[in-house]
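Each chain, written out:
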Amino acid sequence: MKRMLLGAFSLTLALAASPALAAKNVTVAYSSDMHTLDPAIGDDVQNWPVEHALFVTLLTYRDGTTLVPWAATDLGQVSKDGKTYTFHLKKGIVFQDGEPTDAAAFKYAIERILDPKSKSPQSGKAGWFGNLVGAADFVDGKAKDVSGIKTPDPYTISFQLIKADRTFLNYLATPFGSAVDRKAAEKWGSDYSHHVVANGPFVLKSWVPGQEMVLARNPTYFDKANAAKLDEVHILLSLNDQVALLRAQRSGVDVLGNGVPTAQFASIVQSPQYKSYVHSAGQIGVDYLYMNTQKAPFDNKLVREAVSHAIDKKRILQLVNGRGKVANQVIPLGLAGNDPTVKDVSYDPAKAKALMAQAGFKNGVSTTLLTLTDEAFTKIAQAVQQQLAVIGIKATIKSLPQAEWINTMTTPGTTAIGLSGWFQAYPDASDFLPILFKSSQYAPGSWNLSGYKNKAVDTLLDQAQGVNLGASVTLYQKAQKMILADYPWVPLYYPVVYDFVNPKIQNFSHHPVWGFVYQDWNLK
Amino acid sequence: MLTFLMRRVAWSVVVLLFASLLTFFIGYKVPANPARMIAGPNATAETVRSISHQLGLDQPFYVQYGRFLGHAAQGDLGRSYKTEQQVLPTILQRFPYTLALALGGLAFEVLIGASVGLLAAGTKLRAVDGLASTFVLLTLAVPSFWLGIILLYVFGFKYPILPLGGAEAGPISLLLPALTLGLSGAGYYARMGRASLLEVMGEDYIRTARAKGVSPGRVMLKHAFKNALRPLITMTALDLGVLLGGALIIEQVFGWPGIGTLAWQAVQNIDLPMIMGTVLFSALCIVVANILVDVVYSWVDPRITV
Chain A
1 MKRMLLGAFS LTLALAASPA LAAKNVTVAY SSDMHTLDPA IGDDVQNWPV
51 EHALFVTLLT YRDGTTLVPW AATDLGQVSK DGKTYTFHLK KGIVFQDGEP
101 TDAAAFKYAI ERILDPKSKS PQSGKAGWFG NLVGAADFVD GKAKDVSGIK
151 TPDPYTISFQ LIKADRTFLN YLATPFGSAV DRKAAEKWGS DYSHHVVANG
201 PFVLKSWVPG QEMVLARNPT YFDKANAAKL DEVHILLSLN DQVALLRAQR
251 SGVDVLGNGV PTAQFASIVQ SPQYKSYVHS AGQIGVDYLY MNTQKAPFDN
301 KLVREAVSHA IDKKRILQLV NGRGKVANQV IPLGLAGNDP TVKDVSYDPA
351 KAKALMAQAG FKNGVSTTLL TLTDEAFTKI AQAVQQQLAV IGIKATIKSL
401 PQAEWINTMT TPGTTAIGLS GWFQAYPDAS DFLPILFKSS QYAPGSWNLS
451 GYKNKAVDTL LDQAQGVNLG ASVTLYQKAQ KMILADYPWV PLYYPVVYDF
501 VNPKIQNFSH HPVWGFVYQD WNLK
Chain B
525 MLTFLMRRVA WSVVVLLFAS LLTFFIGYKV PANPARMIAG PNATAETVRS
575 ISHQLGLDQP FYVQYGRFLG HAAQGDLGRS YKTEQQVLPT ILQRFPYTLA
625 LALGGLAFEV LIGASVGLLA AGTKLRAVDG LASTFVLLTL AVPSFWLGII
675 LLYVFGFKYP ILPLGGAEAG PISLLLPALT LGLSGAGYYA RMGRASLLEV
725 MGEDYIRTAR AKGVSPGRVM LKHAFKNALR PLITMTALDL GVLLGGALII
775 EQVFGWPGIG TLAWQAVQNI DLPMIMGTVL FSALCIVVAN ILVDVVYSWV
825 DPRITV
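Order-wise, the sequence lines are chains A and B. Here the first sequence is numbered in my numbering, starting from 1 and rising by one per residue. Here the second sequence is numbered in my numbering, starting from 525 and rising by one per residue.
The set of hints was computed from the structure by calculation and includes no laboratory data. Don't take each hint at face value.
Stated by the list, open to error - Covered by chain A, according to a simulated footprint, are these stretches of chain B (three or more residues, beta-carbon under 8 Å):
1. 551-562
2. 608-618
3. 667-678
4. 741-749
A virtual CB, placed ideally from N, CA and C, is assigned to each residue, including glycine.
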């Protein structure tokens, strides 16, 4: 019996063992598991860098948010009406199984996303590719393919849109625009995520869910000059932040995927020993306090203006260890459309009190402040509660876990005031203002949390979508000024991410879209 | 025996059904939309509705639960909403880690706890008893996550003789999480062992053995210990059942890739199929452990028949 028990014990321990690390490697640690590597589905800060390392897109971002060709020979030809984009593909790009990365592979990838069965965040007619001619028929099962995607030869692909949309190029540059190996995707079906066939700088060498994923340099990657410099990237999964930091300080972890842990932030940033380990980078996003313009007392513009004067943004930034820059508008710093002429609303509690009295709330008013059960947001909510109390607004904090929080605030009429954040999916103001302020977005599951309704703003936002970038910036800035004048939000800060990176890694940067660009990294 | 087992198995099915119904109901009632969690915050409302429809989340409770039961009866616990992976194979892939941690933790619990308890009751020295009581109080009072972090800091960071979390260093990775788990539960075993031995020492047959001139050491080893260990067997088997369901906190602290970590992440993602799978698996472990306790107990103590 004892021998049997010992045998079982040894067997289970043996099963727990994993292969030893190889030579020119880098190890990154994350506190959560990797959910998917399917480019049609993955849409978070953890899987996008990996998908960007595995799959080639027609276009990509370099040097910040500048679009450059990748699989395409150039940025494409646009028709005069702005509705047709044509791309020619570079030759010699192959998937690791030898299949060609041709126009058909790109067409298949987009049709795969459009299929509602894909469960892609961009599936169906309302997704990014729903504007393609024939997409609706394909989604409804009336057509076998999307007629608006044409592949006249294996190295030419054209996209015909229903309405002109400048941001279509951005969609093609995200992992959703990655070519997919049809043979592999159809073979593996729902399990494709674990059997992805790559054509990018890396291939997926192994993936043990909840433990470790290993990316290895792709020997058949077409662009030798920009091939991966590392042999392997080891991504440790489900390792808690504190333990990961200890390992990074000792050995075994080179980069903390979740950044410097909040609890150790001050000591790490101030430590002379680890000064060279800390990298900071502004994120294209904004954390904000929204007020529901359809709900009392915030249906009164004077109350919203009072709240804007009551919030001490510098104090709030201190509460998150200064990990951000004070925000004065919706369009974040670093994004075309951010308006340097916008002046921030002053922190002026006396003026705020006067405005409350003018609004008829001299004796105060009660409300509920919705927030996320997250350390930073909890601290901010408490500060906002105190600052609102000064002007007579008694706010009760309602703190919810992420899933309930999202569900509650995106249900119109449920909340009067709350904390939220918005980050770019692609670097264009169209990923901010139309989603956050168009009248039609005050709907279940949508993100006009302040219930903002302004027909003139709606018109400007619609116009901006169909014009070139330069013209759109003017329209977005005009719309933003109108929005800010109505005080639906108090923009709080633009977050800055602090990475912990072993100085032995060269060419590290936190890209505004990709986060980590593994193919750029090298070892000293 | 066979009738007993059949009766217990039937009851176990009822227990599992009840556990599945309760868990499914709670998951159904949580005011959050799993489809939103799958689609991500940037997805449109229409996409969220479409995913909701694909998963059948727009169906009434009884339809969703009925479909789950139908598939579960055929051994199919569905696919994770978040990872698309099949639930049962995913749980089974994590099971060796949970089994290793459960056995390791239990071994420390029993060895340390029972030794301390039996030593405290078996000795006449008050100092030993006092030390044992302090040990019990400390192990019961110190939170396991704190103990885990301290052990990691001391033995993984300050004096790096053991791995710093995770499981990739092989069997040696198990030592610290198992020791933490063992120390956290050892107090219960010490208390139970001490009480049990003191009770046994007052029994008639012990007095009789002494009166017959059996040496004190022999009385202790041959008669007292053997009988004092019986309640510990029950406790061990029941603990094993609980631990096989996943030691959630310890697994989190050490980054141990077991069922506890899987369950924790499933709850965070409102991943109902994975929540159902891990809860049912845990319930099954407890139910099986209960049946085993009854069987083993009758084997250890022939006076008890099942």
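- Task: Could you check the structure against the hints above and give me the numbers of any it violates, in ascending order?
- Result: Structure breaks hint 4 only.
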